[in-house]
Structure formats: C-alpha cells, structure tokens
Amino acid sequence: MSQMSDLDAHQDRRPAQVGDRLAGAVLLVLALGAWWHSHSFVTGFMQPVGPGAFPRLVSLPLAALAAYLILRPGFNERWPDRAGLARQLAVLLLLAAYAGLLEPLGFLPATLAGAIVLTRLFGAAWGQALIAGTGLALGLYALFEFALGMPLPDVPWWGGGN
Amino acid sequence: METLAFLAQGFAVATQPEFLLLALIGCAVGTLIGALPGLGPVNGVALMIPLAFNFGLDPTAALILLVSVYYGCMYGGRISSIVLNIPGDEPAMMTTLDGYPMALKGRGGEALGLSAVASFVGATIATIGLTLFAPLLVDLAIKFGPAEYFALFLLAFATIGGVTSGSFTKSFIAACLGLLLGTVGIDPVSSVARYTFGTFELYDGIDFIVALVGLFAISECLVFLEQRHDADKPHIKLGSAWPGMKASLSCKGTIGRGSLIGFVSGVLPGAGASLGSFLSYMLEKRWLGSKGDFGNGDPRGVAAPEAGNNAAAGGALIPMLSLGIPGSGTTAILLALLLSMNITPGPLLFAQQPEMVWGLVAALFIGNIMLLVLNVPLVGLFARVLQAPSWLLMPMVVLIAFVGVYSLNNSPFDLYMMLAFGVLGYVLRKLEIPTVPVVLGLLLGGQMEFNLRRAMSISGGDWSILVNSGISIGIYAFAATLIVAGAVYAMLLKRRLA
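Listed in order, the protein sequences are those of chains A and B. When we follow the working numbering, the leftmost residue of the first sequence carries the number 210, and every step to the right adds one. When we follow the working numbering, the leftmost residue of the second sequence carries the number -14, and every step to the right adds one.
Where hints are given, some of them may not hold.
Stated by the list, open to error - Short derived list, chain A residues pointing at chain B, Cβ under 10 Å:
hint	residue
1	229
2	271
3	349
As the list claims (entries may be wrong) - Pair by pair, the computed Cβ-Cβ distance ranges are:
hint	chain 1	residue 1	chain 2	residue 2	range
4	B	185	A	251	15 to 21 Å
5	B	124	A	226	48 to 54 Å
6	B	-3	A	318	47 to 53 Å
7	B	185	A	291	36 to 42 Å
8	B	362	A	280	53 to 59 Å
9	B	-4	A	306	46 to 52 Å
10	A	231	B	274	46 to 52 Å
11	B	41	A	269	22 to 28 Å
12	A	291	B	173	52 to 58 Å
13	A	238	B	6	39 to 45 Å
14	A	226	B	447	43 to 49 Å
15	A	318	B	336	41 to 47 Å
16	B	124	A	238	42 to 48 Å
17	A	226	B	274	54 to 60 Å
Please keep in mind that the hints were generated in silico from the structure rather than gathered at the bench. The structure displayed is predicted, hence computed values, not measured ones. In this text, a Cβ means the ideal position worked out from N, Cα and C, and glycines have one as well.
Could you put together the complete structure from these sequences and hints?
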C-alpha cells in the first residue's frame, strides 16, 4: 500500500508536468461531459431536487480542481519503463482472455491454462509455473466448488451441468 | 452500567464456537496477508469480502471474520517492516525506522515480540475506547437529520482529503471522481438511468466490491510487475520473540502514550492508522528527547508506532459503526460489506441490532488475545511466509480476486470491470492521486445524495436548510478546522522530509 504514502514516496517521485496536466485535461473533459449529460436526466414531478442536481454539484468542483491541476501540476511516482509496461500489458491481456473464456471453456480448463501462464508471467520458470499453476487451479476449484459450495462454470462438453 | 450488560451479551454471542473459529481463521489469515510486503489491511479485507459472501455467512459472522482479518493485518504489517525493511502497508512504515535496525543487530525476534505486545495493548485500549465512546456518539447521532448527515459526509471527505495525503487538490479530485462514479446506474428516487449509456449491466450501479478489489488488489499486482523480482530472498535469522515480552515492560510508558495518541487519530474520520503511527512515533521521539536513540534500533521506536497504529485501527471503527462514516480505507470496506448486506451502520444499528454490534466488540477483545497468543510463539512461522516466492503469491492474489469477484454475480462483466478499476487504480497511484477517497466517494455517494434530497424535500427546495441547525454548523466548523490541521500537518511533514 503506497498510494497515499507521503513518507516513502519522496524517493521515487518526480515533478510531473506532463502526467498531471494530461490527467487534469481528462478529468476536466469528464467533469464537463458529466455536467452536460446530466441535463438529459428528466426531473420527476414533485421533486425539488432532480436526478441531475447531485452529479452537477459534484462535477463543478471536479472541473475546478482539474483546471487547477493543469495550471499547477504536482508530483508523480516514477512511471514504469518499457519492459515493465510490456509485462503489465501481457498480464492484463491474459486476464481479459481468461475472463472471456471462463464460461465458454468451463472453470477448470480456463483456470488451469490461466494460472500456468500467469505464474510464468510473474517470473516463474516453466517447470515451476506448471506445478504452481496446476496446484493453484486445483486448490481454487476445491475451495470454491467443495468447501464453499459455489457452483463454478462446468466444462460444457462434459454434459451434466449445474 | 448499561454498556457492560450489552458487552456481556456480546461475549455470549462471540464465544459461540462458530464465531470463535471464524475469529481464529480471520486472525491467522489476516496476519499472513499483513505480513506480505505490499498487501495491507485494505487489500486483505477487499480480497476476503467476496469469500465471505460465498461462505453464505450471516452479517454478524461475516463482520467478525473481516474485522479479525483487519486486526490481523494490522498485526502482520509489522513483520515485513522489521524483517525486510519493507512495510506491509502504510501504517507499518514508521515501524521500519527502528525495527529494521534492531533486526540488523540480531534483535529481530525481540522487536517482533515487543511489537506484538505493543499492538495488543494499543488494540485493547482502542477496543475499550470503542466500548465507552461509541454509545455516546450514538446518543448524539440520534438527533441527526438529513441535513446533518449531509454535513457529516462532507466532513468525512474534508478530513480524508486533508489529513491522509500530501496534495489537497488530488485527494479532493479523487473524492469527486468517486462521487461521480457513484451516481452511475438507476437513480433510486426518480428511476432515471444515469451515465449508463445503454449498458444494462450498469443499471445497478458500479458494484463497489468489484471496484475495490480492482482498485486495491489488481493495481497492487500491476505495481509489482513494474520490476523484475528474480532476486533471491534474504535469509532471515530472527531469534526468539520472548525477550520482547520483557522489553515491553520497560516500554510501558511509551506503549501507553502511543495507544492514546493512536486512538484519538483513529477516531477522526478520515485520519486513520497512518496518522496514528506517525504521530505516536514523532511525539514519543520528542517526549524522550536525548534519552531516546530513535532511528538506530531503539525498542521504544518500535513500541510507539505499533501501539499507535493498532489503536488507530480500533478507533477508526467508532465513526464507522456509530455514524456510518468510515475513518479509513479499511473501515470504508467494512462499511461496504455492511451496506451490501442491507445493514446501515449508525445509531439505529445500535438500537435495533445490539447483539450484532456488541458481539463484534466482544469478538475484537477475543481476537486481540488470539493475535497475541498466535504472534509470540508463531512469529517465526509467519516470518517464513515472507520467503515464499512472489511468483506464487502474486498469481494467488490475482486468482482469488478473480474467482471471488466472478462468484458474486456469475458475471464476466464484473471481471472486466474489476480489471478496468485495476488499471484506473494503478494510474491514479502513479499520479499520486489517492485511491481511498475514490472508494469512499463511490461508497458514500448514494447516501450523501439521498440525504441531500431528503433535506431538500423537507425544506421544499430551500437550500438554506443545510446550514440551519447548530449541529450542522458545528460539523462544518469542525471540517474546516480539520482541513487547516491537515494543512499544518502536511507542512510539518514536508519540513521533516526536506
């Protein structure tokens, strides 16, 4: 947990003109968009405060603060280098694929494959990944299916089903 | 005394074998999670929530489990601070300053034993404080109307923004972003779909458990992936924890002062454990002056922040239970759990479900003793977890998060949402925009808006109702004071680091 750390961040933080200004711009657009879109919410009968009021109430300070961030950018933690970015992207892609394949393939095959590749992406050698991934997948299956009694998606072509 | 009778009732609830077992599991799992570098109470509790749902636990049981995990994590956080010089979570940061030097001198075991006792005393004092003060706050809160609650929500954001982070702008941005995200979905008053853009999965709003697991667990993994971690783990020689018990006797003054300071900072909404450990360390250093050798392995430098952060963790439960306003990221998550079980903490909870509230308080007392008993003899075992390779631990965290979140609604959409929040959490962390206010906004936004609209319909559209009572003006004044105090604190901190 280091997202709020005033104490350790100073080693790794830099002045961030680009990062903060970009974030400020995105947030400003978001706030203005939210303000504009909130006018399409129909206020019902007998409501002194309609559904659009609160979002407007929030987007106003958000816009102001975002504008301030553009004008006075602060500090960022060090952004990842290219290799780090590639590792993160690979894990995210794998997880997205896993999420998509969980139901079509069934829990066990999808998790088995997912866990092995995931362990590998986190730095295990192939042999370690094979053992650890299989263990993790089986362990999770046992935990959820038997200990917790949660039905997980079955392998479709095995028939039966839950 | 009425409170004592309630507490006795609570002990009758909490000593049921099922709850004792849950508390024990929670304490052990919590200590393990807390001990892992990078995984603190927020991640730990976030990860356990989907599991608690799947256990089919009733609210009391789920709360006991998660609060034991919470207390356990606060205990465990010190292990990696002392042994590896890596704080398991933010409040454990101050413990590295003297804990690691002690470990280098071969007094690691002693430091762990001492910090276990300090944690125990801090947490117990805080739990006693919770028993005494929560009912008082409840008596006050019973007078609150919607306008006062609206003010209270503003207070929570003001303090979490003012105290926990270096940058005001960024923490308020985070709070606004969370509040805005909280409006997504069908508006419960007018049944208008807001910001759903035709995606029917969004009609129920953003599930905060999904958002939480993404913001904390998934983003933590992304941070981990920034660097390669194939270096060998250092071998740890600890020695016995028993000398720490004796050392704690000579530190009893330090522990007492640290506990009190920690407790007070925990009660302030939004301040939380980090402030507790920081203040206890700094004030103890000032108190001892030249009699202390802080920064070079002074045992009192371990005792003070550990007493402080555990006391703060207990103190933070007070505003959460009695007002429904969380005092820290972790209590926000506990609040999320309660809300999703259709339990709204606040004065009514104490009146309507005393067995649950007091059962929880009793469970905290029992959990504390369990933690002490677990931690002194078994600390070597917990420290060994740190030796487990991260290529095993991190995928385990990710997969538990995945299966846990999937099983909430059996919906792959939730998984994509979790990943999206993981990326969002990561980017926010890199930008130094704190994620806790986002969670708080997402969580409290609905209640805040509801109270605002109720106040407005009482007044018939007259906005002045918001500042019409002495209580709400008092709350606004308190919020303003805390923002100023936060500014002073940030300035002091900057000077300390410069």
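A quick look at each hint next to the structure:
Below 10 Å, beta-carbon pairs count as interface contacts, and residue 229 of chain A has one with chain B at about 7 Å; its hint therefore holds. For residue 271 of chain A, the shortest C-beta to C-beta distance to chain B is roughly 4 Å, which falls under 10 Å, so the interface hint holds. Annotation: residue 349 of chain A was flagged as interfacial toward chain B, and the flag holds, the nearest CB pair being 5 Å apart, inside 10 Å. One distance hint, 15 to 21 Å for the beta-carbon pair residue 185 of chain B and residue 251 of chain A, holds here, with the actual separation near 19 Å.
At about 52 Å, the beta-carbon gap between residue 124 of chain B and residue 226 of chain A stays in the expected band of 48 to 54 Å. For residue -3 of chain B and residue 318 of chain A, the Cβ-Cβ distance of about 48 Å falls inside the hinted range of 47 to 53 Å, so the restraint holds. Separated by about 39 Å at the C-beta atoms, residue 185 of chain B and residue 291 of chain A satisfy the suggested range of 36 to 42 Å. Between residue 362 of chain B and residue 280 of chain A the Cβ separation comes to about 57 Å, which falls inside the hinted range of 53 to 59 Å.
Checking the proposed 46 to 52 Å range against residue -4 of chain B and residue 306 of chain A shows it holds: the Cβ atoms sit about 50 Å from each other. Distance hint for residue 231 of chain A and residue 274 of chain B: a CB-CB separation of about 47 Å, consistent with the stated range 46 to 52 Å. Separated by about 43 Å at the C-beta atoms, residue 41 of chain B and residue 269 of chain A break the suggested range of 22 to 28 Å. Roughly 46 Å separates the CB atoms of residue 291 of chain A and residue 173 of chain B, a value that falls outside the hinted 52 to 58 Å.
Taking the beta carbon of each, residue 238 of chain A and residue 6 of chain B are about 52 Å apart, not inside 39 to 45 Å as hinted. Distance hint check: the CB atoms of residue 226 of chain A and residue 447 of chain B are about 45 Å apart, consistent with the given range 43 to 49 Å. For the pair residue 318 of chain A and residue 336 of chain B, the supplied restraint of 41 to 47 Å is violated, since their beta-carbon distance comes to about 52 Å. Checked against the hint of 42 to 48 Å, the pair residue 124 of chain B and residue 238 of chain A passes, with Cβ atoms roughly 47 Å apart.
A hinted range of 54 to 60 Å is violated for the C-beta pair residue 226 of chain A and residue 274 of chain B, which are about 43 Å apart.
In summary, the numbered hints that this structure violates are 11, 12, 13, 15 and 17.
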